[in-house]
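K.L.:
Chain F is fixed; fit chain Z onto it per the hints.
There are 2 protein chains.
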Amino acid sequence: MRKVALAGFGLTEFNKDDTTIDSLMLLAIKALFENTPNLGQKDIEVVLTSTNDNSKYLSSIVSEISGIKPKISHSVESLCNSGANSAISAFSYIASGLADVALVVGAERFDSPGLVLEWDKSRGQYKHPIYWSSMFTKSHVRKYGTTKEDLAIVSAKNHKNALDNPYAFFKKTYSVDEIMNSKNLTEDIRLLDCSMPCNGSAAILLASEEAIKKFTDIPVWITGIGQKTLSAGFTKNDDLTSMESTIDSASMAYKMAENKPTDIDVAEVHDAFSICEIIEVEDLGFAKKGKGNELVRDLYETNDKKINPRGGLIGSGHPLGATGLAQIVEIGQQLQGTAGRRQISKAKIGLVQNMSAAATSSSVLILQR
Amino acid sequence: MRKVALAGFGLTEFNKDDTTIDSLMLLAIKALFENTPNLGQKDIEVVLTSTNDNSKYLSSIVSEISGIKPKISHSVESLCNSGANSAISAFSYIASGLADVALVVGAERFDSPGLVLEWDKSRGQYKHPIYWSSMFTKSHVRKYGTTKEDLAIVSAKNHKNALDNPYAFFKKTYSVDEIMNSKNLTEDIRLLDCSMPCNGSAAILLASEEAIKKFTDIPVWITGIGQKTLSAGFTKNDDLTSMESTIDSASMAYKMAENKPTDIDVAEVHDAFSICEIIEVEDLGFAKKGKGNELVRDLYETNDKKINPRGGLIGSGHPLGATGLAQIVEIGQQLQGTAGRRQISKAKIGLVQNMSAAATSSSVLILQR
Numbered sequence: 001m002r003k004v005a006l007a008g009f010g011l012t013e014f015n016k017d018d019t020t021i022d023s024l025m026l027l028a029i030k031a032l033f034e035n036t037p038n039l040g041q042k043d044i045e046v047v048l049t050s051t052n053d054n055s056k057y058l059s060s061i062v063s064e065i066s067g068i069k070p071k072i073s074h075s076v077e078s079l080c081n082s083g084a085n086s087a088i089s090a091f092s093y094i095a096s097g098l099a100d101v102a103l104v105v106g107a108e109r110f111d112s113p114g115l116v117l118e119w120d121k122s123r124g125q126y127k128h129p130i131y132w133s134s135m136f137t138k139s140h141v142r143k144y145g146t147t148k149e150d151l152a153i154v155s156a157k158n159h160k161n162a163l164d165n166p167y168a169f170f171k172k173t174y175s176v177d178e179i180m181n182s183k184n185l186t187e188d189i190r191l192l193d194c195s196m197p198c199n200g201s202a203a204i205l206l207a208s209e210e211a212i213k214k215f216t217d218i219p220v221w222i223t224g225i226g227q228k229t230l231s232a233g234f235t236k237n238d239d240l241t242s243m244e245s246t247i248d249s250a251s252m253a254y255k256m257a258e259n260k261p262t263d264i265d266v267a268e269v270h271d272a273f274s275i276c277e278i279i280e281v282e283d284l285g286f287a288k289k290g291k292g293n294e295l296v297r298d299l300y301e302t303n304d305k306k307i308n309p310r311g312g313l314i315g316s317g318h319p320l321g322a323t324g325l326a327q328i329v330e331i332g333q334q335l336q337g338t339a340g341r342r343q344i345s346k347a348k349i350g351l352v353q354n355m356s357a358a359a360t361s362s363s364v365l366i367l368q369r
Numbered sequence: 001m002r003k004v005a006l007a008g009f010g011l012t013e014f015n016k017d018d019t020t021i022d023s024l025m026l027l028a029i030k031a032l033f034e035n036t037p038n039l040g041q042k043d044i045e046v047v048l049t050s051t052n053d054n055s056k057y058l059s060s061i062v063s064e065i066s067g068i069k070p071k072i073s074h075s076v077e078s079l080c081n082s083g084a085n086s087a088i089s090a091f092s093y094i095a096s097g098l099a100d101v102a103l104v105v106g107a108e109r110f111d112s113p114g115l116v117l118e119w120d121k122s123r124g125q126y127k128h129p130i131y132w133s134s135m136f137t138k139s140h141v142r143k144y145g146t147t148k149e150d151l152a153i154v155s156a157k158n159h160k161n162a163l164d165n166p167y168a169f170f171k172k173t174y175s176v177d178e179i180m181n182s183k184n185l186t187e188d189i190r191l192l193d194c195s196m197p198c199n200g201s202a203a204i205l206l207a208s209e210e211a212i213k214k215f216t217d218i219p220v221w222i223t224g225i226g227q228k229t230l231s232a233g234f235t236k237n238d239d240l241t242s243m244e245s246t247i248d249s250a251s252m253a254y255k256m257a258e259n260k261p262t263d264i265d266v267a268e269v270h271d272a273f274s275i276c277e278i279i280e281v282e283d284l285g286f287a288k289k290g291k292g293n294e295l296v297r298d299l300y301e302t303n304d305k306k307i308n309p310r311g312g313l314i315g316s317g318h319p320l321g322a323t324g325l326a327q328i329v330e331i332g333q334q335l336q337g338t339a340g341r342r343q344i345s346k347a348k349i350g351l352v353q354n355m356s357a358a359a360t361s362s363s364v365l366i367l368q369r
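Line by line, the protein sequences are chains F and Z. In this text, residue positions in the first sequence follow my numbering: the first is 1, and each later residue adds one. In this text, residue positions in the second sequence follow my numbering: the first is 1, and each later residue adds one.
Simulated from the structure, these hints should not be mistaken for laboratory data. There's no promise every hint is true.
Identical copies go unnamed one by one, so any copy, or any two together, can satisfy a pair.
What the hints assert, rightly or not - Once the Cα atoms are required to be at most 16 angstroms apart in a straight line, the calculated EDC-like pairs of lysine to aspartate or glutamate come out as:
| # | residue 1 | residue 2 |
| --- | --- | --- |
| 1 | K148 | E178 |
| 2 | K3 | E258 |
| 3 | K42 | D217 |
| 4 | K160 | D304 |
This is chain F alone, in the form it adopts within the complex (with noise of 0.2 angstroms):
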């Protein structure tokens, strides 16, 4: 398997304007331009979109706007894990031989169709993911005893960790009593509990180990990979404690990249909601099952932001087919050493955790300098 880093990216601001999905793209694409100086066109041989809206075409549209005449083009849906998959679908083009440099960007509108779990009619009424991280939350703080005041810290760590992020959607900190007291969504979920849908496009050039060079001497290497989707439906999940496919994807990436969960020195992991990244980082390794409220609640404390740094989907906003390939952009900062006042101290090795749908599925990338 060749080699394949991270060689640029590109960011818009996470807001609700009224711009178009292919003019999202459109500017985070300039934005990798402006950041990658030696990139040009005709260097782009692949062009992957990544997004849950209803656009036709999208990549071939990009492209034609972009300038870009790649060979490779199309759209990628996997719901809120479409980044991550248009990420490794990427990988494998240039892994395999296919091409040598990848040019991957996704966005998504405040009104996505991706927002709603429309598809799934056994949901009657419930289909909106409050119901299903409301589940998720019920189980865990029955099994563990995790608390309201556990899970208004994630939220609270997130927004104050947003805060150094230029482009986040919240501008603001709360306190955890503030978020606490937020409306009451469900009789488990609070307002301030909840990712905010948003407009937002990131963008990430991928390049093999001979092409790089031409791009940036501070290569990031994807150095692991793991991915599974278990259904559709997450009623089909005995356990709502935990995550099976973000296990079982954890175990593929720390298998392949030759990690161990302690190796990490910087995550980006897919909260959703507030529950999520408790169960993510005991899922990940980086806590032990029931103790993530602890290493959540010393994070927020410290004031360390080795998980979630940019602010998590809570504290920057949820543009769905953006989130993953955002996640990346931010790790890719972290392991370059070029994340400002967001930056983990001596970062090498570091994670991202996507997923979709009550983590029906998820992925996981290994990232390191």
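P.N.:
Quick look at chain Z alone, frame taken from chain F:
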């Protein structure tokens, strides 16, 4: 690059009933399992779905209803070129070493949102594909003297070939006169010059050299791949008498496979409209430029099924996301020698050409017994 071969396939009948997109895919997957006795759900590491349907999370839904828990799973869209894109993506997962066995399933319904180029605001009222095919036709007629009869012969040949395809949408032949006298849709195009939207699904199984032994004794290797996206809007073309993206894709595929046009024993080309087949046999190097009509006339008169043996899109129907995969299935059967009454004698090397939207993007695959 690891070797990748076609290990199995399944098809549904192409028709216009009211089957849902997920059910269409399930039917093709069921047929694939029936055709591949040693295949178990646990063998499958990749499930890619190819469609223009607006369904979200379709690859996970189809995986769940098929009893498959893949590692890699997402939907791929590039209008009519979705099928080849998804197959080549699965190829790259295996060629790279990320997976050994991949299932790719494409499907479309007759009422697909991919049928009209709604995304192209610059088209005004001329968004229907008949307008680009009308421009191609007029250009080729002017430059090379291609006649209305030449066009009708493409359709007559492909309807005749489709009679031996049990899955084809059309079940009857038309005389050249009937086709020439069918309803005028534009000055250049008649109803029977067009492929018809319909329901249909096609599934293929790809496997690595190590894995394939379990599934078939007659692997068909994918030896050449070429892809090119030039634009989204088709008025970027300077010359509407050829398909630049097909020329580029064919050149890459021939080079990778170390083949030349005269090596190809059988080909599936994307005859969305009759003019397309005439241009494509020229651009793929099977006929001199401007002489595509003579090749097609000769095939028709000698009952030679070398080009579009299953009846092409015109005879078989055109369920967008399934088409590229159905083309691969046909070439697979031809090279395995299992094409029944459609069988091309001693076929060893085959070619698939799949394209989108006035050939603004194309894919070419070369397969070899």
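K.L.:
Decide, hint by hint, whether the structure agrees.
P.N.:
Hint check:
1. K148 to E178: within (12 angstroms within a copy, 74 angstroms between copies)
2. K3 to E258: This pair counts as within: shortest intra-copy Cα distance 15 angstroms, inter-copy 26 angstroms.
3. K42 to D217: neither (20 angstroms within a copy, 42 angstroms between copies)
4. K160 to D304: within (11 angstroms within a copy, 71 angstroms between copies)
The structure does not agree with numbered hint 3 stated previously, though it agrees with all others.
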